[in-house]
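Top to bottom, those sequences are chains A and B. Residue numbers for the first sequence follow numbering that gives the first Met the number 0, beginning at 0 and rising by one. Residue numbers for the second sequence follow numbering that gives the first Met the number 0, beginning at 0 and rising by one.
FYI, nobody ran anything at the bench for these hints, they're computed from the structure. Heads up, some of the hints might be wrong.
[Unchecked claim] Straight-line distance between alpha carbons at most 25 Å, and here's what the computed DMTMM-like set of lysine to aspartate or glutamate pairs gives: (1) A:K181 x B:D55; (2) A:K181 x B:E23; (3) A:K181 x B:E39; (4) A:K181 x A:D199; (5) A:K181 x B:D31.
Please read all numbers here as calculations on a predicted model, not as lab measurements.
Residues per chain are reported as follows:
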Amino acid sequence: MTTVRAEPSPHRGPGAASDVPESRRRSPELPAPRGELSGAVIDSLRHGGGPLPQSAPEHADAYGDDLQLALYVLYELHYQGFAGVDEDREWDPELLVLRRSLEQRFLMALRADATGPESAEEAIAGLLTEPVGYDGTSVSHHLQRDGELWQVREYAALRSLYHLKEADPHAWVIPRLHGRAKAAMVAVEFDEFGAGRPEDIHARLFADLMADLGLDTSYGHHLDAAPAEALVVVNLMSLFGLHRALRGALVGHFAAVEITSSPGSRRLAAALRRVGAGPAAQRFYDEHVEADAVHEQVVRRDVVGGLLAAEPALDADIAFGVHATGFVEDRLAAHILDAWRAGRSALTAPAA
Amino acid sequence: MPSSAESVPGSAEPVPASAERPRERPRRVTVDREGPLLVEGPVEVVCDDGSVAVSDRFTVAICTCRRSRTYPWCDTSHRRRTRPDTANAPGPGTEDTEDTEDTEDKKNAGVTSTPRQTKEEPPS
Chain A
0 MTTVRAEPSP HRGPGAASDV PESRRRSPEL PAPRGELSGA VIDSLRHGGG PLPQSAPEHA
60 DAYGDDLQLA LYVLYELHYQ GFAGVDEDRE WDPELLVLRR SLEQRFLMAL RADATGPESA
120 EEAIAGLLTE PVGYDGTSVS HHLQRDGELW QVREYAALRS LYHLKEADPH AWVIPRLHGR
180 AKAAMVAVEF DEFGAGRPED IHARLFADLM ADLGLDTSYG HHLDAAPAEA LVVVNLMSLF
240 GLHRALRGAL VGHFAAVEIT SSPGSRRLAA ALRRVGAGPA AQRFYDEHVE ADAVHEQVVR
300 RDVVGGLLAA EPALDADIAF GVHATGFVED RLAAHILDAW RAGRSALTAP AA
Chain B
0 MPSSAESVPG SAEPVPASAE RPRERPRRVT VDREGPLLVE GPVEVVCDDG SVAVSDRFTV
60 AICTCRRSRT YPWCDTSHRR RTRPDTANAP GPGTEDTEDT EDTEDKKNAG VTSTPRQTKE
120 EPPS
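Just chain A, with the same shape it has in the complex:
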């Protein structure tokens, strides 16, 4: 969106599009398997069929690499698919049977672990404060104060799993809403999708940021390097987005993201300036400081408020969506900071 202070618009006009190639022009290659479940799914997709387990084995870790990668690959069929995989596999009943089992394991674990006040108002109130000074558990605080360029690049590579399809999983909730909640949700999504300008689509701004940092911007490129904690974050959105029964949780998730994004984006914009990233990299987070300050208000007032007015029985589900988002984000932050503080990469392969 154009926002200037008595100066020409900083955004690119028509014909001045960036040189960064469209990241979603092609479907990505299938990733490397991380165990028996993900191996079976990937094999089945690669060979056009084959034996698949009908459920997750007892010992499978709900948040582990194998289950989460299997789920991630199954969900990806609903977004961009994979090179060489028949698009009809999206609705292959055998894949859906397995997906259902994996989702139930994931959802059960989340319901057990992501707890808190069971009203949306209380859950959201817990997000409406900011820490004074340095928060040692926050990646954006770390990057702003101490972040090094390689860490900023790793963070962008990890986040690219979501940001290259930013706001897409949330669009699935639109047909499940009506009235005030729907109008407000669509208004925010319109903003996320560039308000009619392809060069302003937030996923596009993120590709520009990655290019500024010298990262490969092609969709799915960084999947093999992403730890399970990063897969969980994206799978949560796909799980909530694809199930009408979880529309309350999806709205709670969206509210949590929009409320916490603005201050985090300010710190990340500062981090990018400090490590000398280019203007496109800074613009992504600068845009989010301001956009999400607006989105927060609209989502709280009209998306959450509108849904609660229409379907008061969803109160606890909205709260669950807020808590689940905090839970998976905190796990990812702990993974990243533990690795960096030990001098290790937070990725499973170098960022490139």
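Following the hints, put chain B in place on chain A, whose structure we already have.
Chain B alone, transformed into the frame defined by chain A:
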């Protein structure tokens, strides 16, 4: 012959403004005592130094607490502050002494020790 500023001899009869352009609905402004002013966009905001801030966003959030670093736009600086170290500790919040980045904010914001949750979020 009637005479008025709008009726010049030889010209067409004046037409009401509403016939010259589509009738616009009133622009909605939403107030919140603890948050920014929400105004349907696009807007131009003239600041006290004469600069003009322009936004064509569907709605803009205009800062009313005067703490925003992107003034006149809200950047959520109106939020209450908590000390992360004491977030889960019992008892009242204490005066902070270790602020590094938010020096200006802490002068104005009420510092409390209410629990907070999510540490990190992607922008959306």
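>> For a quick check of understanding: which of the numbered hints are violated here, in increasing order?
In response: Failing hints: none at all.
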